[in-house]
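There are 2 protein chains.
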Amino acid sequence: MKLASLKHGRDGKLVVVSKDLTRYCAADNIAPTLQAALDDWDRVAPYLDALYRDVEHWSVPCGRFHEHDAMSPLPRAYQWADGSAYINHVELVRQARGATVPESFYHDPLMYQGGSDGFLAPRDPIPLKDVSWGCDMEGEIACITDDVPMGVSSEEAADHIKLLMLVNDVSLRGLIPGELEKGFGFFQSKPASAFSPVAVTPDELGDAWAGSVIHLPLMVDYNDAPFGRANAGQEATFSLADLVAHAAKTRSLCAGSIIGSGTVSNKGADGGPGKPVSEGGAGYSCIAEIRMIETIADGKPSTRFMQPGDKVSVEMRDAAGHSIFGKIEQDVVAA
Amino acid sequence: MKLASLKHGRDGKLVVVSKDLTRYCAADNIAPTLQAALDDWDRVAPYLDALYRDVEHWSVPCGRFHEHDAMSPLPRAYQWADGSAYINHVELVRQARGATVPESFYHDPLMYQGGSDGFLAPRDPIPLKDVSWGCDMEGEIACITDDVPMGVSSEEAADHIKLLMLVNDVSLRGLIPGELEKGFGFFQSKPASAFSPVAVTPDELGDAWAGSVIHLPLMVDYNDAPFGRANAGQEATFSLADLVAHAAKTRSLCAGSIIGSGTVSNKGADGGPGKPVSEGGAGYSCIAEIRMIETIADGKPSTRFMQPGDKVSVEMRDAAGHSIFGKIEQDVVAA
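Chains as they are written, first to last, in UniProt numbering: chain A, 1 to 335; chain B, 1 to 335.
One or more of the hints may lead you astray.
A pair holds if it fits inside one copy or across any two, identical chains being indistinguishable in the list.
[Stated by the list, open to error] Straight line, CA to CA, 25 Å or less: simulated BS3-like cross-link-like pairs of lysine-lysine: (1) 300 to 311; (2) 129 to 267; (3) 311 to 7; (4) 267 to 182; (5) 129 to 249; (6) 249 to 311; (7) 311 to 129; (8) 19 to 162.
Since the hints were made in silico from the structure, they are not lab data.
Using the sequences and the accompanying hints, generate a full structural model.
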């Protein structure tokens, strides 16, 4: 099934959305918000699923679904933890500064605790106060869990993945080096992120959901041109289940925890740095990556970070070309 | 006024507590949960305050308040960000490993994004799976904000501090070096924290609330003996308002954001490392600190971290000796 939170108060109004994303039916009689549904998922999900079938069969009255009426599926969440499943991204970061990737990175995931107190809606502008902060997009996939006990294995964690979404994890690259140097991780360098208009259950992906990874290209467009087409099923060193298990090693996770994959990133066909989409490559899911490749090739980056007026979109389509999650589409605006 | 969340579902039931912490009156007719109250604070707070006055005047029926019936005031929160206001703590960490403190630490606060999806109740045991993880307490003060706009100054931030609490920020010291080395900050090394049974408005502190800092000793007991009596008003390089402003530099903060001070820590009377309480000093608010002082003195630490069976409490009393926030009191248990 497909769920969305229409704009309403702080936490939105839960609706079920048709598979083709054209219609919705209010589900707030079942659970007022998506968080409320997740808090009681085993009991509530069958009712939502029944409503979804009614929506698909046109047997309930529906409204027209407009993606710009949606908030992020969880407009605010109790947890947003972002991993780094695609080590190619990390390899490029390190290569660009002449460092190697520690061996441990291939079996112990990187993960940071992100701010979850307020997410941008999928069509909200990205407010930027200072261009020197180096505003970047990061196209990712993410899951929402139910309650996860402390110490679960990856296999057990897979069963706790209830919904999937896309993310634009907005990053302020200019603030990252200073924060990393302080050693306490990202904080000011990670302002509010935006999630796809719709969250879907894994079964919606059919065969494209395998091994707790989505085997489809993540379509990142930048200023209306294709920028990234990296396949989220390729070179995923860690699955979403691995990342959930990592997050739950020393503590339980509350229902509604969002765990992200990190920037989706593919190697080039020759195993080297990937080529731009315009040159037949899979491109990039963030600007930092093309800048690293420029640095490796030319000694310095030539693509600048985002500025007011720039536009980024993130989407994923099924084999038939239909949008699965709806589209994140954001302009950068001066704050 | 004083507020608590009695055990009830995931988010507790909001009650107003008498100044002397002996009685409570349900406030869920005003707002069902503390988060709901904070979401609409300007409208709701006067009603809560009127009820508090009725409780103080014995003009409403009250129940007996038992601290062990309380959850953390926000049993889960949309944000928990912990700063490092007491640089003495950082100086000792660095001194113990022969490093100096970067000059920037004195004007740019350290802050990490903590997990906020589930807090321990103030009398809950601390579940520990592996003694080698090096379980430690960290006694701290913390505030809860209303909605804070992006880019506020420290002066403006002070007005957004609505409630104050104590924290035991549980830390797994054995996992910290590995996580710091990875550069993404704390994650597995910071399991669920516990907050004081009661959250209070700043006016409850009278003159002890000045400059957005609480000028009272934080009483940390360890296995029923005084362990820390560091004054939270001394050597606070940053105030809670400074930390709120730091958190809001690149993004707004949602109502119900919790911002912590970091481990409260005082220098010794001679300006050097502080002495244990048993030797007339102010002692320590975490075990790591005494271990650092032992390392500086003897080349290695002699006090071990917490193990199942150990007990820690955190409390703060007013000038008359009355508990302000109630007591955090936790046993470590094998998980």
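Against the earlier hints, flag every one the structure doesn't satisfy and list their numbers going up. Structure breaks hint 2 only.
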